[in-house]
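Undergrad: Chain by chain, the residues run as shown.
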Amino acid sequence: MSVYDFTVKTKTGDDKSLADYKGKVLLIVNTASKCGFTPQFEELQKLYKTYKDKGLEILGFPCNQFAQQDPGTNDEVQQFCKLNYGVTFTVFGKGDVRGETAQPLFKYLTAQKKFEGFDMNHPIAAPLLNALKENFPEYLEGDGIKWNFTKFLVDRNGEVVARFEPTTNPADIAADIEKLL
Amino acid sequence: MVKVYSFEGCPWCVKVKKYLQSRGIEYEVRDIELSEEAREECERISGDLTVPVTTIDGKNFVLGFDKPKIDALIANA
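First to last, the protein sequences are chains A and B.
Here my numbering is used: the first residue of the first sequence is 1, the next is one more, and so on.
Here my numbering is used: the first residue of the second sequence is 1001, the next is one more, and so on.
One chain only, chain A, in its complex shape (with noise of 0.2 angstroms):
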């Protein structure tokens, strides 16, 4: 089994096989449906921009399971949110990702790479984990998604090789793609 045994919906509520995307290098991202870690969403754009002639493809899945806001942002955040049709990646249809209702896509990807804690060193870990004990305490447990924009590698074959945490920036990621391009 592999990702290529997935199927899809798009923004439209079309069927998308993910067998259409073999051969290329894969990063698969629960974004954030409307709000919040909006600076992800334009890293993830910039790493598009800059790999996609090479192989990488960006899937964004929307899924508003999460609280609307960056947590422990909330003196400072803008109020107010950005449209999504800035980015030039795909970007599905509005689904769950973690728990009963997870799209099965998900519940694949979070078996074949695990939970491994956020990156304590990002400025988001702490108010993250902190919202996460006061709000929905029960996310942290297991392997689940734990938040928006949980990205997962996959490479040429389909294989799953990497998760990183809302805690890694995109731009952090650029050295493991770029091994896989």
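Hints are supplied without guarantee of correctness; some may be wrong.
[Claimed, not checked] So these bits of chain A aren't anywhere near chain B, every CB distance computed over 10 angstroms:
#, residue
1, Q79
2, E141
3, E159
[To be verified] Derived pair list, reagent style DSS-like, types lysine-lysine, alpha-carbon separation capped at 25 angstroms:
#, chain 1, residue 1, chain 2, residue 2
4, A, K113, A, K82
5, A, K16, A, K52
6, B, K1018, B, K1059
7, A, K94, B, K1015
8, B, K1015, B, K1003
9, A, K179, A, K54
10, A, K114, A, K179
11, B, K1069, A, K82
12, A, K52, A, K94
13, A, K82, B, K1059
14, A, K52, A, K179
15, A, K22, A, K114
16, B, K1017, A, K82
17, A, K46, A, K22
18, B, K1067, A, K82
19, B, K1018, A, K82
20, B, K1069, A, K94
21, B, K1017, B, K1059
22, A, K94, A, K22
23, B, K1015, A, K82
Keep in mind the hints are simulated off the structure, nothing from the lab.
Note that the structure is a prediction, hence the values are computed from the model and not measured.
Backbone N, C-alpha and C define an ideal beta-carbon position, used for all residues, glycine too.
Guided by the hints, dock chain B onto chain A, whose structure is given.
TA: Structure of chain B alone, referenced to chain A:
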């Protein structure tokens, strides 16, 4: 007529709408996700696709849930 450019799932947009309601101000919702026309208007007004954008004349606008600025926008109308 006050126009609020917004999309579903934007909490700040909800706050702007609720605030206008609390002040008894009628407004028209322009959904920039569902309507391409609204999307183009929003970009023309604010130069971006960030919302909520509140405007009356399509020139002066308030980005975000900023009560004092919304008050001023309405007062000057």
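Undergrad: Could you run down the list of hints and mark each one as holding or not?
TA: Comparing the hints with the structure gives:
1. Q79: 4 angstroms, violated
2. E141: Check passes; 27 angstroms lies beyond 10 angstroms.
3. E159: With a cut-off of 10 angstroms, E159/A remains clear of chain B, as the shortest Cβ separation is near 34 angstroms.
4. K113/A - K82/A: Answer violated: K113/A to K82/A is near 31 angstroms, above 25 angstroms.
5. K16/A - K52/A: Holds - the C-alpha atoms of K52/A and K16/A are around 19 angstroms apart, at most 25 angstroms.
6. K1018/B - K1059/B: 23 angstroms, holds
7. K94/A - K1015/B: 23 angstroms, holds
8. K1015/B - K1003/B: 14 angstroms, holds
9. K179/A - K54/A: 12 angstroms, holds
10. K114/A - K179/A: 21 angstroms, holds
11. K1069/B - K82/A: 20 angstroms, holds
12. K52/A - K94/A: Between K52/A and K94/A the Cα gap is close to 23 angstroms, so the pair holds against 25 angstroms.
13. K82/A - K1059/B: 20 angstroms, holds
14. K52/A - K179/A: Between K52/A and K179/A the Cα gap is close to 14 angstroms, so the pair holds against 25 angstroms.
15. K22/A - K114/A: 24 angstroms, holds
16. K1017/B - K82/A: With Cα atoms ~17 angstroms apart, K1017/B and K82/A stay inside 25 angstroms; holds.
17. K46/A - K22/A: 23 angstroms, holds
18. K1067/B - K82/A: 19 angstroms, holds
19. K1018/B - K82/A: OK: K1018/B and K82/A at ~20 angstroms, within 25 angstroms.
20. K1069/B - K94/A: With a Cα-Cα distance of about 33 angstroms, the restraint between K1069/B and K94/A is violated, given a limit of 25 angstroms.
21. K1017/B - K1059/B: 20 angstroms, holds
22. K94/A - K22/A: 23 angstroms, holds
23. K1015/B - K82/A: 16 angstroms, holds
Hint check: violations occur at hints 1, 4, 20; the rest are consistent with the structure.
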